[in-house]
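Colleague: As a plain string of letters, each chain reads:
There are 2 protein chains.
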Amino acid sequence: MKLYDSTLAPNPRRVRIFLAEKGITVPTEQVDIGKAANRQPDYLAKNPMGGVPILELDDGTVIAESVAICRYFEETQPEPPLFGTGAKDRALVEMWQRRMEFEIALAIMQVFRNTHAFFKGRIPQVPEYGEVCRKAAGSRLRWIDGELAGRTFVAGERFTIADITLLVGIDFGRVSDIRITPEQKNLQRWYEQVSSRPSAKA
Amino acid sequence: MKLYDSTLAPNPRRVRIFLAEKGITVPTEQVDIGKAANRQPDYLAKNPMGGVPILELDDGTVIAESVAICRYFEETQPEPPLFGTGAKDRALVEMWQRRMEFEIALAIMQVFRNTHAFFKGRIPQVPEYGEVCRKAAGSRLRWIDGELAGRTFVAGERFTIADITLLVGIDFGRVSDIRITPEQKNLQRWYEQVSSRPSAKA
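Going down the list, the sequences are from chains A and B. Counting with the working numbering, you get residues -1 to 200 for the letters of the first sequence. Counting with the working numbering, you get residues -1 to 200 for the letters of the second sequence.
Bear in mind the hints are in silico, worked out from the structure with no lab data behind them. Be aware that one or more of the hints could be misleading.
The list cannot tell twin chains apart, which means a pair is met if one copy fits it or any two copies do.
Straight-line alpha carbon distances no greater than 20 Å define the calculated DMTMM-like cross-link-like pairs of lysine to aspartate or glutamate that follow [unchecked claim]: (1) Lys118 / Glu129; (2) Lys86 / Glu155; (3) Lys199 / Asp169; (4) Lys0 / Asp87; (5) Lys86 / Glu73; (6) Lys86 / Asp57.
Here chain A stands alone, though its shape is the one from the complex (with noise of 0.2 Å):
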């Protein structure tokens, strides 16, 4: 098998801090995106949307989207559990990661699609959206904060993908000047805790 990975993207990190929480080692290829690697014909043969990461499997299956390729790995590796145990708790790991991914990784996204200069005649930008998204980052950010004052991680006592989305989208954010706050004392606990994890530097 082998993961089509960027160390330049948000994205293919989620995938590596998983792999490196599982304690599991997958050859890699980097795909130039400066270069937009990823949007040449044989990249897109492999996955039409663009997007890195990509796992391919030694079958010739492509798996495309980050949440999806740490999916596979938690079915083949389900040690340590980092979609949580049990239908209750999987689902709320579900809730949990989804709403790291929508609620602000997603908006911090939008920010940096919507505003970089990276993006400038890669795609339509909407400046205006992208100041909208920097809000509704922001007031999730304290939302979270709030959150995070009754347990130690996202979606409770566990490490699990909900902190893995989380820490990539705050540090994600930074590009953007999208950052934590000095009263959010709860989440920059959090962030300390999660990014002094060896996995971080994956």
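Given the structure of chain A, go ahead and fit chain B onto it with the hints provided.
Modeller: Same frame as chain A, but now just chain B:
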């Protein structure tokens, strides 16, 4: 347990179709989103995001996010499988569910949110971004039409949650005048097939 439902919104329909396919009946309560009942303190205490649907378990646990609610029922009643079976298939179903959600349903939803009178004064609308999403949705419908030339359902030969997401997304597109075009024959064939399942009436 109780499902907080709304027949006015697209997301609750995803859960209703899922439950119909499983043959599961759950007590429901209608949330009057037209009157913003989902923005009142008692509802926000259950789901701070204010979204419908939510599933309240007998122990008081609240599961928000349609896909997380569906996941709960998939775990408690695996048959018929709507999230795939085995590691590779489950990953591929998740990939397709996410593609249908991010590439199509979300784009259609953003057209509605940013251009429709319903959200005027409720959220900061950016009509220009709505039009970017309208174009994106049209382009993605052309893409999925091509994909469906080679198979019966979105993720292969079995009906899955990915079909539910696409069906609900397309049906919700009507209110924003986003429709399957006459030349999209594979998508039209698929649409007629999934729409004629009894679950589609849910």
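Colleague: With identical chains, the pair Lys118 and Glu129 could be close in the same copy or across copies; at 20 Å between alpha carbons, which is it: within, between, both, or neither?
Modeller: both (16 Å within a copy, 18 Å between copies)
Colleague: Given a CA cutoff of 20 Å, do Lys0 and Asp87 count as a within-copy pair, a between-copy pair, both, or neither?
Modeller: Cα proximity of Lys0 and Asp87: across copies only (18 Å, versus 31 Å in one copy).
Colleague: Classify it for me, Lys86 with Glu73: is the Cα-Cα distance of at most 20 Å met within a copy, between copies, both or neither?
Modeller: Answer is both: 18 Å inside a copy and 9 Å across each meet the 20 Å cutoff.
Colleague: Between copies, within a copy, both or neither: which fits Lys86 and Glu155 at Cα up to 20 Å?
Modeller: within (15 Å within a copy, 29 Å between copies)
Colleague: When no copy is named, should Lys86 and Asp57 be tagged within, between, both, or neither for a Cα gap of at most 20 Å?
Modeller: between (34 Å within a copy, 11 Å between copies)
Colleague: Between the shortest in-copy and the shortest cross-copy C-alpha distance, which are at most 20 Å for Lys199 and Asp169: within, between, both, or neither?
Modeller: Only inside one copy: Lys199 and Asp169 sit 12 Å apart there, 43 Å across copies, limit 20 Å.
When held up to the earlier numbered hints, the structure conflicts with none and fits them all.
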